[in-house]
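K.L.:
Residue strings, one per chain:
Number of protein chains: 2
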Amino acid sequence: MTIRVAVIEDQKDTRDMLAVLINGSEGYKCVATYENGEDAISAIPELEPDVVMVDIHLPGLTGIESVRKLKALCPEMQFIMCTSLEDPENIFNALQAGATGYLTKSTTPTKILEAIADAYNGGAPMSSQIARKVLTFFQAKEEKVNKELDKLSAREQEILDYLSKGYRYKEIASLLFINIETVRKHIHNIYEKLQVNSRTDALNKVFPKPKGLYALAI
Amino acid sequence: MTIRVAVIEDQKDTRDMLAVLINGSEGYKCVATYENGEDAISAIPELEPDVVMVDIHLPGLTGIESVRKLKALCPEMQFIMCTSLEDPENIFNALQAGATGYLTKSTTPTKILEAIADAYNGGAPMSSQIARKVLTFFQAKEEKVNKELDKLSAREQEILDYLSKGYRYKEIASLLFINIETVRKHIHNIYEKLQVNSRTDALNKVFPKPKGLYALAI
DNA sequence: AATGAAATACCACTATCGTGGTATTTTTCA
DNA sequence: TGAAAAATACCACGATAGTGGTATTTCATT
Chain A
77 MTIRVAVIED QKDTRDMLAV LINGSEGYKC VATYENGEDA ISAIPELEPD
127 VVMVDIHLPG LTGIESVRKL KALCPEMQFI MCTSLEDPEN IFNALQAGAT
177 GYLTKSTTPT KILEAIADAY NGGAPMSSQI ARKVLTFFQA KEEKVNKELD
227 KLSAREQEIL DYLSKGYRYK EIASLLFINI ETVRKHIHNI YEKLQVNSRT
277 DALNKVFPKP KGLYALAI
Chain B
77 MTIRVAVIED QKDTRDMLAV LINGSEGYKC VATYENGEDA ISAIPELEPD
127 VVMVDIHLPG LTGIESVRKL KALCPEMQFI MCTSLEDPEN IFNALQAGAT
177 GYLTKSTTPT KILEAIADAY NGGAPMSSQI ARKVLTFFQA KEEKVNKELD
227 KLSAREQEIL DYLSKGYRYK EIASLLFINI ETVRKHIHNI YEKLQVNSRT
277 DALNKVFPKP KGLYALAI
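Protein sequences, first through last, are from chains A and B. Letter by letter, the first sequence follows residues 77 to 294 in my numbering. Letter by letter, the second sequence follows residues 77 to 294 in my numbering.
Hints in this document: simulated from the structure, not taken from any laboratory. Mixed in with the good hints there might be a few duds.
Within a straight-line C-alpha distance of at most 25 Å, the following computed SDA-like cross-link-like pairs (lysine to any residue) qualify [what the hints assert, rightly or not]: (1) B/246 / A/271; (2) A/227 / B/144; (3) A/261 / B/225; (4) A/223 / B/227; (5) A/246 / A/223; (6) B/261 / A/182; (7) A/147 / B/144; (8) A/241 / B/187; (9) A/223 / A/190; (10) B/181 / A/190; (11) A/223 / B/260; (12) B/246 / B/212; (13) B/227 / A/228; (14) B/241 / A/135; (15) A/145 / B/179; (16) A/281 / A/265; (17) B/281 / B/260; (18) B/246 / A/280; (19) A/187 / B/277; (20) A/187 / A/281; (21) A/261 / B/243; (22) B/187 / A/182; (23) A/181 / B/246; (24) B/241 / A/277; (25) B/241 / B/187; (26) A/181 / A/227.
These figures come from a predicted structure and were not determined experimentally.
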C-alpha cells in the first residue's frame, strides 16, 4: 500500500527536498508538486492524492485559502500545513480551513514521513506545543461568554437557556412550575443586567456567534 | 528540577501504579494521591503541585468537574485527563474545562512520564488520534446550515440575517427601504419554509448552536 | 407570450413580549 | 442575627411579533 502525496510549496529547494524524501521512502510516492495554489486547485481534484503537504506562504492564493477550496472539493483528502510560523491565528485558521496536520519547518524528515502516515490513518499530526495553542483558542472562547453569563443568577441562567431554545414565557413558566409573571420578571432582570431589550439581543450578547458563519453560508 | 505531581484516581491499583511510576523516576515526585474529586479540591490548592493526573470517572464529582473547579482556583496548574473513553464529547468537555492533556489508559509508562513533562513545559500531550477528534469538533459545522438556508430566497436570507442580529421589523424595513408590511410578509414566508413560528426557532434551525456550550458554562 | 417565483404593499386581528411598578418569601452570607 | 440578594407573584399598558388574507409588479424561464 503506497500513500500518494502531493506537495504545494513555492520554494524550489524545499519542494524538491520533500519530493526526494517522499519518493525515497518505502510506502510513499510523491505524485505531483505545485509552486502555487491556483495550479494545485486545478489539478489536484483529478489526481486524487491521499495527502497534500501545503506551505502556508504561497504567492497569490495563500496556503490556507487553497486548503479551504480543495477540502470543499475533496473532503476525504488529508492536508498537512507546513510553515515556519507558529502563531495561534494561523494555526487556527489553517485547521478551520480543513487541514488536519500542522508541521513546522524544523520537523525532521522521519517525523515528516510519520506525519504523512498519521494523517492518512486518521490522526492529526502536530507537535504538542501546537496542540496547546489550539487548546488555548478553545479555552479563550469561553471567557467572554462567562463574563456576561456570570452576571446572572443560576435561575436567570436557567431561564436564559430556555429563551435560547425558543420557549415562550408561558412554556417556561410551566416547565419551571412558576407563574408567568415571575418568568417575565426574571427576563426583565436579565435584560437589565445585560443592557439589552430583546431576546435576540440577549442571546447574541451571551452567546456570540462564530464570525463569518453566515457570510460563508451565503 | 523536580516536577511535583498529584494523582486523582479512584481505583487503588491504578493509583498506586502511577505513584510508584512517578516516584521511581528521576525528576518526578508524586506529592499526593486522592481517591475522589472532593478531597482533591480541598487539598490541592494548598499543595500546589505542578501537574495533576485526573481520572475522568470518579465517584461523586466527576473528573471533568474537578478540573473545572481546580483550574479556576489554580490557573497555572496543568491537568492531564486519564481515561479509557475516547468519545469526542468527553474529550471536548475535558479540554474545555481546562485540561491540557488527554491520555488513554493504554498509554505506556514511558509515554506517561513524557506527557507529564510535556504538560509542565507548555505542551498539550495527546495522541494524534485524539487531536483529530478535537479538530473534528472545530470543523463540524455548515452542512445542515446550508440545507435549511438554501430553501430561502436571497432576499429572505438577507432578512434572516437582520433577524439574527436582533433588528426589529421597522428597523429592517428602513434599512432595506421597503415597507414594514413587506418585511412582515417575508418573515412570514421564512417561517413557513422553515416550519417554525418564532424568530428564535428560525435562528436555531438555520444556525444550530455548538452543543454543550451552555451546559458547560453553567 | 405565458407561467411562475419572488418582491413588493396593505389590512385586520390576536398573541406574545417588554416596561414599570409593588410586594412577600426564601436563601445566602457576613 | 440581620442585611442583602434572589426568587416568587401580581397588575396594567403599550410595543412588537406572528397569522391569514388579498393584490400588484417585476423578472426569469419556458
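K.L.:
Indicate, hint by hint, whether the structure satisfies it.
P.N.:
Quick rundown of the hints versus the structure:
1. Proposed proximity of residue 246 of chain B and residue 271 of chain A is supported: the alpha carbons are some 21 Å apart, at most 25 Å.
2. In summary, the hint linking residue 227 of chain A to residue 144 of chain B is supported, as the alpha carbons are separated by about 19 Å, within the 25 Å threshold.
3. At most 25 Å may separate the alpha-carbon atoms for a hinted pair to count; residue 261 of chain A and residue 225 of chain B exceed this at roughly 35 Å.
4. For a cut-off of 25 Å, the pair hint linking residue 223 of chain A to residue 227 of chain B is broken: about 36 Å separates their Cα positions.
5. At roughly 29 Å between alpha-carbon atoms, residue 246 of chain A and residue 223 of chain A are farther apart than 25 Å, so this suggested pair is violated.
6. A C-alpha spacing of about 60 Å is found between residue 261 of chain B and residue 182 of chain A, which places the hinted pair above 25 Å, so the restraint is violated.
7. Restraint check for residue 147 of chain A and residue 144 of chain B: the C-alpha separation of about 35 Å exceeds 25 Å, so the hint is violated.
8. About 44 Å separates the Cα atoms of residue 241 of chain A and residue 187 of chain B, which puts this hinted pair outside 25 Å; it is violated.
9. A distance of roughly 42 Å separates the Cα atoms of residue 223 of chain A and residue 190 of chain A; the hinted pair therefore is violated under the 25 Å criterion.
10. For a cut-off of 25 Å, the pair hint linking residue 181 of chain B to residue 190 of chain A stands: about 23 Å separates their Cα positions.
11. A C-alpha spacing of about 35 Å is found between residue 223 of chain A and residue 260 of chain B, which places the hinted pair above 25 Å, so the restraint is violated.
12. Between residue 246 of chain B and residue 212 of chain B the CA atoms are separated by roughly 41 Å; this puts the pair beyond 25 Å, and the hint is violated.
13. Straight-line distance between C-alpha atoms of residue 227 of chain B and residue 228 of chain A comes to about 37 Å, which puts the hinted pair past the 25 Å bound.
14. Using a Cα cut-off of 25 Å, the hinted pair residue 241 of chain B and residue 135 of chain A is violated, with the two alpha carbons roughly 37 Å apart.
15. A C-alpha spacing of about 34 Å is found between residue 145 of chain A and residue 179 of chain B, which places the hinted pair above 25 Å, so the restraint is violated.
16. In summary, the hint linking residue 281 of chain A to residue 265 of chain A is supported, as the alpha carbons are separated by about 15 Å, within the 25 Å threshold.
17. Proposed proximity of residue 281 of chain B and residue 260 of chain B is supported: the alpha carbons are some 19 Å apart, at most 25 Å.
18. Proposed proximity of residue 246 of chain B and residue 280 of chain A is supported: the alpha carbons are some 20 Å apart, at most 25 Å.
19. Of the supplied pair hints, the one linking residue 187 of chain A and residue 277 of chain B is violated, its CA atoms being roughly 49 Å apart against a limit of 25 Å.
20. As the CA atoms of residue 187 of chain A and residue 281 of chain A are separated by approximately 44 Å, the hinted pair breaks the 25 Å bound.
21. Restraint check for residue 261 of chain A and residue 243 of chain B: satisfied, since their Cα atoms lie roughly 23 Å apart, inside the 25 Å limit.
22. Taken as a hint, the residue 187 of chain B and residue 182 of chain A pair is honoured in the structure, with Cα atoms around 23 Å apart against an allowance of 25 Å.
23. Annotation: proposed proximity of residue 181 of chain A to residue 246 of chain B is violated, straight-line Cα distance about 55 Å (limit 25 Å).
24. Only pairs whose Cα atoms come within 25 Å are accepted, and residue 241 of chain B paired with residue 277 of chain A is accepted, the gap being roughly 7 Å.
25. A distance of roughly 48 Å separates the Cα atoms of residue 241 of chain B and residue 187 of chain B; the hinted pair therefore is violated under the 25 Å criterion.
26. Proposed proximity of residue 181 of chain A and residue 227 of chain A is contradicted: the alpha carbons are some 45 Å apart, above 25 Å.
Checked against the numbered hints given earlier, the structure breaks hints 3, 4, 5, 6, 7, 8, 9, 11, 12, 13, 14, 15, 19, 20, 23, 25 and 26 and satisfies all the rest.
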